[in-house]
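S.K.: Chain by chain, the residues run as shown.
There are 2 protein chains.
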Amino acid sequence: MGTSVLSRRRFLQATATGAGVVLAGQKATADVRRVGPWASQYGERSPFDKVNRTISGNLQHESETPQQALSGMITPSSLHYERHHAGVPTIRPEEHKLLIHGMVEEPKVFTLHDLLRFPQASRICFLECAGNGKHHFKSDEKTTPQRLCGLISQSEWSGVSLSSLLREVGVKKSGSWLLAEGSDACLLTRSIPMERALDDVLIAYAQNGEAVRPEQGYPLRLIVPGCEGSMNVKWLRRLEVSDQPFMTREETAKYSDPLKDGTVRQFSFVMDAKSIITQPAYPLQIEKGWHEIRGLAWSGRGQVAGVEVSDDNGSSWHQAQLQSPVLDKSCVRFGLLWKWDGKERLLTSRVIDSTGYTQPSARELIAIRGKQSLRYHNNTMTTWRVQSDGQVFYQRMD
Amino acid sequence: MGTSVLSRRRFLQATATGAGVVLAGQKATADVRRVGPWASQYGERSPFDKVNRTISGNLQHESETPQQALSGMITPSSLHYERHHAGVPTIRPEEHKLLIHGMVEEPKVFTLHDLLRFPQASRICFLECAGNGKHHFKSDEKTTPQRLCGLISQSEWSGVSLSSLLREVGVKKSGSWLLAEGSDACLLTRSIPMERALDDVLIAYAQNGEAVRPEQGYPLRLIVPGCEGSMNVKWLRRLEVSDQPFMTREETAKYSDPLKDGTVRQFSFVMDAKSIITQPAYPLQIEKGWHEIRGLAWSGRGQVAGVEVSDDNGSSWHQAQLQSPVLDKSCVRFGLLWKWDGKERLLTSRVIDSTGYTQPSARELIAIRGKQSLRYHNNTMTTWRVQSDGQVFYQRMD
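Residue numbers (UniProt numbering), protein chains in the order written: chain A, 1 to 398; chain B, 1 to 398.
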């Protein structure tokens, strides 16, 4: 594993030499150690940790999570992907209100103070932009996991069950759809079926323990587990009950899928099962020997049941280990110990979810839906080519 | 729930007035909305979110997590409690090394690069300072959950299983203890029984997905789930295998418990089950009607099996709801919907863990261990007094 045998004396000398660089200007020996800074009110990461989101989009309206540099299942809030349609509004929490109205017995307005008095529910689940796979069939070999798959992240979200609030206002019998509206400059809106709204939807005021981040919807975000990102309306200010969908811009002109036969698929809410190997991946160069192939897998339809990894372009598949816990509509990190023999290899992963669905290859997906529909909901497998010199590149398979 | 009935028109007017304050200087109407800032590389919290750790200790060598302001089970890394004995060292990751030596077949040094090649393991678990209850019998009624119980936090930790590394170096048959040493100026050391080291201990390089925070041990921290904080050695640089404990300062002069009979209890590794109501609590003033009593519960010996809440000084107890998932050696948030009738009430919680152990009252704990031993490992129940005017105060029970 690239380690070496050292005596304690040599190790201490080595460490002291290292510390000399840190203690800027000091001639360091093993005996000289300086007391560091004391406690702080709100911690920051190490100045040596330079892992960042990459900003993209013609308006810089999205940022991609650096999947290849992260561990475990929680995405740090500062690195959760962003996607907004009119920038990030600045909202004073004491002035923010949520109106629930339409086909209800008694329309009501809730302040944050009101919402905090309701029973709190929390869940760890992923959010994924419907466009998360949009670069798959356009990218060259020098493409990172961050670029290919940076629009999925995971947090623990806490807030109030939407079903509790809908009970408070009394949904009328005819109420079968819900409109969710954000407070951003474009007042982004999406329609949600009532059946889904009464299931596991949250009005979240917290993300990973603290207040929801501004770019994630501070102070209130709708969380619709397993469903495409834009339905998880940020800066939520209004919910309207109706007897039909609202046919908003973001479910007609956008976020709909043109099909092979000339029709358009609308309301493709749920994100299908997907996985990606996050290392080894471009731009890594690896050495011969043992590595852990690691990646992420998820399904909007339930739990990840298993992940398989191939190093021979899909001829043979090997069961990867899943980190625990494996939760419903939640991302899981997988790993497979793998010995690289120095030959060119094609590495691919595929996930099987608890409904029995298997992630499709590019060929399978294109055969079913046609390439033109794959701007949104592209959940194809990702393949990495390990060259004989150890360099790893993205391998397009379309 | 303190809500009011409003028409959409009145709501929009209200919102517009609110927006006027945000859009500094602009005369705002419902039609004027400005596009906000676009995406960023590394996000920050809202400028209106002022929740902070409180710095304490004679040297400002600790900071307390604001339990009353947090949600769910994950503590944001920036608000994870701190406790250090010689400040926070600045360590360049590429220079950091971990030596494993002593009674082993082949001593080895591991770089971060080496460790990243091993299979990754992750777990969500709490860390708790042994001194987390030290203010319990000293505090006046104006004491917050943050002060009483701010030295416990929870993260998802990711890294390498210590057992994998010990297999790499080959522990000799006589090796029954392990010394863990940090890189801080005091080179903090603790002894760990080999049986425990081979169980579920991690060498963590990641916390909540990204690199371990500097004050939590960047770049490497030992994670000994369920065991007192100081055993989770930060800035880990050396592990030495021996056939006996090392009797370091932090397990003899400190972190040992003087008992009633004049002897001293040493190596009280595991943190017993504990819970605390985090709201309502001082300094809140509550209104009559429905509230959710919320708090945290955990056990270093296993899972939380249940939490009970009393509003009548322990005469009757009611089963609280636990948020999910409930994990091994992991903190869980509980809640109980409760209607306050305007009378003085004493609110208390107690946890029962999966071993059948029940959190003791102050009287029970003092009877067993004597008050002088309760500087460390004080896991007594916490009681809050709700006065008839709605003000909530800490109620000492010793």
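Mixed in with the good hints, there may be bad ones.
If several chains are the same, the list does not tell them apart, and a pair holds so long as it fits within one copy or across any two.
25 Å max Cα-Cα, derived DSS-like pairs, lysine-lysine [said to hold, decoys possible]:
no.: 1; residue 1: 50; residue 2: 288
no.: 2; residue 1: 254; residue 2: 134
no.: 3; residue 1: 288; residue 2: 254
no.: 4; residue 1: 172; residue 2: 134
no.: 5; residue 1: 108; residue 2: 339
no.: 6; residue 1: 172; residue 2: 142
no.: 7; residue 1: 108; residue 2: 288
no.: 8; residue 1: 134; residue 2: 343
no.: 9; residue 1: 97; residue 2: 108
no.: 10; residue 1: 339; residue 2: 371
no.: 11; residue 1: 371; residue 2: 254
no.: 12; residue 1: 173; residue 2: 134
no.: 13; residue 1: 172; residue 2: 97
no.: 14; residue 1: 288; residue 2: 97
Quick caveat, the hints were computed from the structure, so don't treat them as lab data.
S.K.: Would you mind marking each hint as holding or not holding in the structure?
M.R.: Hint check results:
1. Proximity of residue 50 to residue 288 under the C-alpha cut-off of 25 Å is found in neither arrangement, the shortest distances being 27 Å within a copy and 50 Å between copies.
2. For the identical chains of this complex, residue 254 and residue 134 are intra-copy neighbours only, at 13 Å inside a copy versus 57 Å across copies, given an alpha-carbon limit of 25 Å.
3. For a Cα distance limit of 25 Å, the shortest separation of residue 288 from residue 254 qualifies neither inside one copy, at 46 Å, nor across copies, at 47 Å.
4. For a Cα distance limit of 25 Å, the shortest separation of residue 172 from residue 134 qualifies neither inside one copy, at 40 Å, nor across copies, at 54 Å.
5. Proximity of residue 108 to residue 339 under the C-alpha cut-off of 25 Å is restricted to the inter-copy arrangement: shortest distance 21 Å between copies versus 61 Å within a copy.
6. In this homomeric assembly, residue 172 and residue 142 never come within 25 Å of each other (Cα to Cα): the closest approach is 54 Å inside a single copy and 47 Å across copies.
7. For a Cα distance limit of 25 Å, the shortest separation of residue 108 from residue 288 across copies, 20 Å, qualifies, whereas the shortest one inside one copy, 64 Å, does not.
8. Neither within a single protomer nor between protomers do residue 134 and residue 343 lie at most 25 Å apart by alpha-carbon distance, with minima of 31 Å and 60 Å respectively.
9. Taking the shortest alpha-carbon separations for residue 97 and residue 108, only the intra-copy value of 10 Å comes in at or below 25 Å, while the best inter-copy value is 59 Å.
10. Proximity of residue 339 and residue 371 under a CA criterion of 25 Å is satisfied in neither setting, with 35 Å inside one chain copy and 57 Å between copies.
11. For the homomeric pair residue 371 and residue 254, the shortest alpha-carbon distance inside one copy (17 Å) is at most 25 Å, but the shortest distance between copies (66 Å) is not.
12. Proximity of residue 173 and residue 134 under a CA criterion of 25 Å is satisfied in neither setting, with 40 Å inside one chain copy and 56 Å between copies.
13. Within a single copy, residue 172 and residue 97 get their C-alpha atoms as close as 22 Å, which meets the 25 Å cut-off; across copies the closest is 65 Å, which misses it.
14. Taking the shortest alpha-carbon separations for residue 288 and residue 97, only the inter-copy value of 22 Å comes in at or below 25 Å, while the best intra-copy value is 58 Å.
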